[in-house]
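Protein chains in written order, with numbering that gives the first Met the number 0: chain A, 0 to 288; chain B, 0 to 288.
Some hints here could point you the wrong way.
Some chain A residues well away from chain B (every beta-carbon gap over 12 Å; in silico) [stated by the list, open to error]:
#, residue
1, Arg18
2, Gln29
3, Leu42
4, Ala274
5, Pro283
What follows is a set of in silico ranges between Cβ atoms, one per label pair, in the way DEER data are often shown [as the list claims (entries may be wrong)]:
#, chain 1, residue 1, chain 2, residue 2, range
6, B, Val272, A, Gly43, 56 to 62 Å
7, B, Glu233, A, Leu3, 43 to 49 Å
8, A, Glu248, B, Val153, 54 to 60 Å
9, B, Glu73, A, Ala225, 27 to 33 Å
10, A, Leu134, B, Gln197, 36 to 42 Å
11, A, Ser279, B, Glu233, 39 to 45 Å
12, A, Ala264, B, Ala144, 40 to 46 Å
13, B, Arg201, A, Ala264, 30 to 36 Å
14, A, Asp2, B, Val223, 39 to 45 Å
15, B, Met0, A, Met180, 33 to 39 Å
16, A, Ser279, B, Val223, 29 to 35 Å
17, B, Leu56, A, Glu233, 36 to 42 Å
18, B, Arg201, A, Arg172, 21 to 27 Å
19, B, Glu140, A, Ala264, 25 to 31 Å
Keep in mind that the hints were calculated from the coordinates and are not lab data.
Keep in mind it's a predicted model, so treat the numbers as computed, not measured.
Note that the Cβ used here is the ideal one computed from N, Cα and C, for glycine as well.
There are 2 protein chains.
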Amino acid sequence: MTDLLALTAELVDVPSVSRDEGALADLVEQRLRACRWLVVDRLGDNVVARTELDRPLRLLVVGHLDTVPADGNERARIEADVLWGLGAADMKGGLAVALDLAETCPEPAVDVSYVFYAREEIAAAESGLAELFELRPDLLEGDVALLGEPTGGVLEAGCQGTMRLRVVLHGERSHTARPWMGRNAIHRLGRLLGAVEQLPERRPVLAGCEYREALQAVGVEGGVAANVVPDRAELVLNHRFAPDRTAAEAEAHLRTWLGPFLEPADSMEVVDVAAAAPPSLDHPLLAAL
Amino acid sequence: MTDLLALTAELVDVPSVSRDEGALADLVEQRLRACRWLVVDRLGDNVVARTELDRPLRLLVVGHLDTVPADGNERARIEADVLWGLGAADMKGGLAVALDLAETCPEPAVDVSYVFYAREEIAAAESGLAELFELRPDLLEGDVALLGEPTGGVLEAGCQGTMRLRVVLHGERSHTARPWMGRNAIHRLGRLLGAVEQLPERRPVLAGCEYREALQAVGVEGGVAANVVPDRAELVLNHRFAPDRTAAEAEAHLRTWLGPFLEPADSMEVVDVAAAAPPSLDHPLLAAL
Numbered sequence: 000m001t002d003l004l005a006l007t008a009e010l011v012d013v014p015s016v017s018r019d020e021g022a023l024a025d026l027v028e029q030r031l032r033a034c035r036w037l038v039v040d041r042l043g044d045n046v047v048a049r050t051e052l053d054r055p056l057r058l059l060v061v062g063h064l065d066t067v068p069a070d071g072n073e074r075a076r077i078e079a080d081v082l083w084g085l086g087a088a089d090m091k092g093g094l095a096v097a098l099d100l101a102e103t104c105p106e107p108a109v110d111v112s113y114v115f116y117a118r119e120e121i122a123a124a125e126s127g128l129a130e131l132f133e134l135r136p137d138l139l140e141g142d143v144a145l146l147g148e149p150t151g152g153v154l155e156a157g158c159q160g161t162m163r164l165r166v167v168l169h170g171e172r173s174h175t176a177r178p179w180m181g182r183n184a185i186h187r188l189g190r191l192l193g194a195v196e197q198l199p200e201r202r203p204v205l206a207g208c209e210y211r212e213a214l215q216a217v218g219v220e221g222g223v224a225a226n227v228v229p230d231r232a233e234l235v236l237n238h239r240f241a242p243d244r245t246a247a248e249a250e251a252h253l254r255t256w257l258g259p260f261l262e263p264a265d266s267m268e269v270v271d272v273a274a275a276a277p278p279s280l281d282h283p284l285l286a287a288l
Numbered sequence: 000m001t002d003l004l005a006l007t008a009e010l011v012d013v014p015s016v017s018r019d020e021g022a023l024a025d026l027v028e029q030r031l032r033a034c035r036w037l038v039v040d041r042l043g044d045n046v047v048a049r050t051e052l053d054r055p056l057r058l059l060v061v062g063h064l065d066t067v068p069a070d071g072n073e074r075a076r077i078e079a080d081v082l083w084g085l086g087a088a089d090m091k092g093g094l095a096v097a098l099d100l101a102e103t104c105p106e107p108a109v110d111v112s113y114v115f116y117a118r119e120e121i122a123a124a125e126s127g128l129a130e131l132f133e134l135r136p137d138l139l140e141g142d143v144a145l146l147g148e149p150t151g152g153v154l155e156a157g158c159q160g161t162m163r164l165r166v167v168l169h170g171e172r173s174h175t176a177r178p179w180m181g182r183n184a185i186h187r188l189g190r191l192l193g194a195v196e197q198l199p200e201r202r203p204v205l206a207g208c209e210y211r212e213a214l215q216a217v218g219v220e221g222g223v224a225a226n227v228v229p230d231r232a233e234l235v236l237n238h239r240f241a242p243d244r245t246a247a248e249a250e251a252h253l254r255t256w257l258g259p260f261l262e263p264a265d266s267m268e269v270v271d272v273a274a275a276a277p278p279s280l281d282h283p284l285l286a287a288l
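Whenever a hint applies, use it, and build me the whole structure from the sequences.
Spelled out as structure tokens, the structure:
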């Protein structure tokens, strides 16, 4: 049986900071190409290996090759059954499992695609996964995907949606020596922030999974000059919503809650949104896990 | 008797947008030099003319030469007894009065210094008055100063102090998907802004003048990234305080009021302060007005 701790240590010892994953992609590609039951593709620093057994279902086992920058922890160090080192948990331990499965399961019960991709730890737009979706979406087709990110050994099913909203509050400029002649837009933020903080928390349970929604201010900006009552204040919010709501429903929910703090001249717009993914635990493949 | 409306119109017709007051300074200087009872100094675009009568008291009559940029109102236009034009009220009307006094009062009851200065409408650091204080403070010595800024014909005595404070609130970063693992510093602003808005208003009456204090947020900033619970938020406040308080007393007052919304790790510092000036209406020269 494979020593997964040793294999993880071997992967940790190959540096693979984001945008510099070439050496690790080489190692993974070389090992996968040695398995005659796998069809291997390499695109940039992304490597995809697939079984082609004509099974009715296909499972994707997915992991990213990169790590954050080193901090004196470049080399793996094993103490008893604990391994230390850059990227050991996130996610070279997961890569070791995926690699071992690929190498030791020539005839899995379902078809399997092993996806090793680059640049997860930086901006979403740079992700190797996005590169694959663009260049070879067929390589990412499947029924269920397992990502080996660290979760403390717990299966995390589905994911929440995320939405970024920009709220602009208006006021009226005046001199700070005579503020009663104007209206302070930054002061208006106070009540809005109170409402943001007090959004009743939803924790829907879907297929046995409890989701915990959240609404957080992630940016605030306002001010004209040191002696001017500001007529504009901007608040950026990030909302995480459970998969029992569409993005439109989540947005409507926020508009209902925050609406009383907005006036006709104010605005609230969605600037970025990613839909939630349901847990789908009744899917035969997931149900089997 | 001088036609002050016509003289104001003449001054309006000489363009003098901030930093471009040369032509108007020339005009004023030339007229003042024609008065043999005045000692005239010119420094840059500032002109100061003084009587030297060895009177026990000295009055300063002060006004700025510059205007804000034009907006189709460059030329003076008189309709009946109303004059329209760029800078007519602020403050070429006042300049006309000062110029006329200088030209028609060779033997005033007190010595008088007529101060015409540049660059009032932009930053305080650029003011011609600051230039005079630096180069020839003796030209600004006196017992009472009258500034001809528009006040609707009302004498405004003394002035409030102004103080700028920077408040920094701290929190703890976390991922917005798990905000309960951190603490949002922007959310903490909500209660602080409520307190700022609800500072009990003081309207002390000094020597018959009512002062109306004010506290206004003039700047706000915070945010790390779209998916990060921010651990820092900054609020800049401007406080206007009456002359019955020193700057230190005004600051202590704010610290008492806002203190309950700050924690040990937070900070609140005065970044800029100008003391208040008492009305001094019992001064013999002011009392005579």
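Consistency of the hints with the structure:
1. Arg18: At roughly 19 Å from the nearest Cβ of chain B, A/Arg18 sits farther out than 12 Å, so the non-interface label holds.
2. Gln29: Correct as stated: the minimum Cβ-Cβ distance to chain B is 35 Å, above 12 Å.
3. Leu42: About 27 Å separates A/Leu42 from the closest Cβ of chain B, which puts it past 12 Å; holds.
4. Ala274: holds, 15 Å
5. Pro283: A/Pro283 is indeed farther than 12 Å from all Cβ atoms of chain B, at 29 Å.
6. B/Val272 x A/Gly43: 56 to 62 Å: holds, 58 Å
7. B/Glu233 x A/Leu3: 43 to 49 Å: The hint (43 to 49 Å, Cβ to Cβ) holds, given that B/Glu233 and A/Leu3 are roughly 48 Å apart.
8. A/Glu248 x B/Val153: 54 to 60 Å: Distance hint for A/Glu248, B/Val153 holds at roughly 58 Å.
9. B/Glu73 x A/Ala225: 27 to 33 Å: Since the Cβ atoms of B/Glu73 and A/Ala225 sit about 30 Å apart, the hinted range of 27 to 33 Å holds.
10. A/Leu134 x B/Gln197: 36 to 42 Å: violated, 58 Å
11. A/Ser279 x B/Glu233: 39 to 45 Å: The hinted range 39 to 45 Å holds for A/Ser279 and B/Glu233, with Cβ atoms some 44 Å apart.
12. A/Ala264 x B/Ala144: 40 to 46 Å: Holds, at about 42 Å.
13. B/Arg201 x A/Ala264: 30 to 36 Å: holds, 32 Å
14. A/Asp2 x B/Val223: 39 to 45 Å: holds, 40 Å
15. B/Met0 x A/Met180: 33 to 39 Å: holds, 36 Å
16. A/Ser279 x B/Val223: 29 to 35 Å: holds, 33 Å
17. B/Leu56 x A/Glu233: 36 to 42 Å: violated, 53 Å
18. B/Arg201 x A/Arg172: 21 to 27 Å: holds, 24 Å
19. B/Glu140 x A/Ala264: 25 to 31 Å: 51 Å Cβ-Cβ, so the 25 to 31 Å window is violated.
Violation of the numbered hints given earlier is confined to hints 10, 17, 19; the remaining hints are satisfied by the structure.
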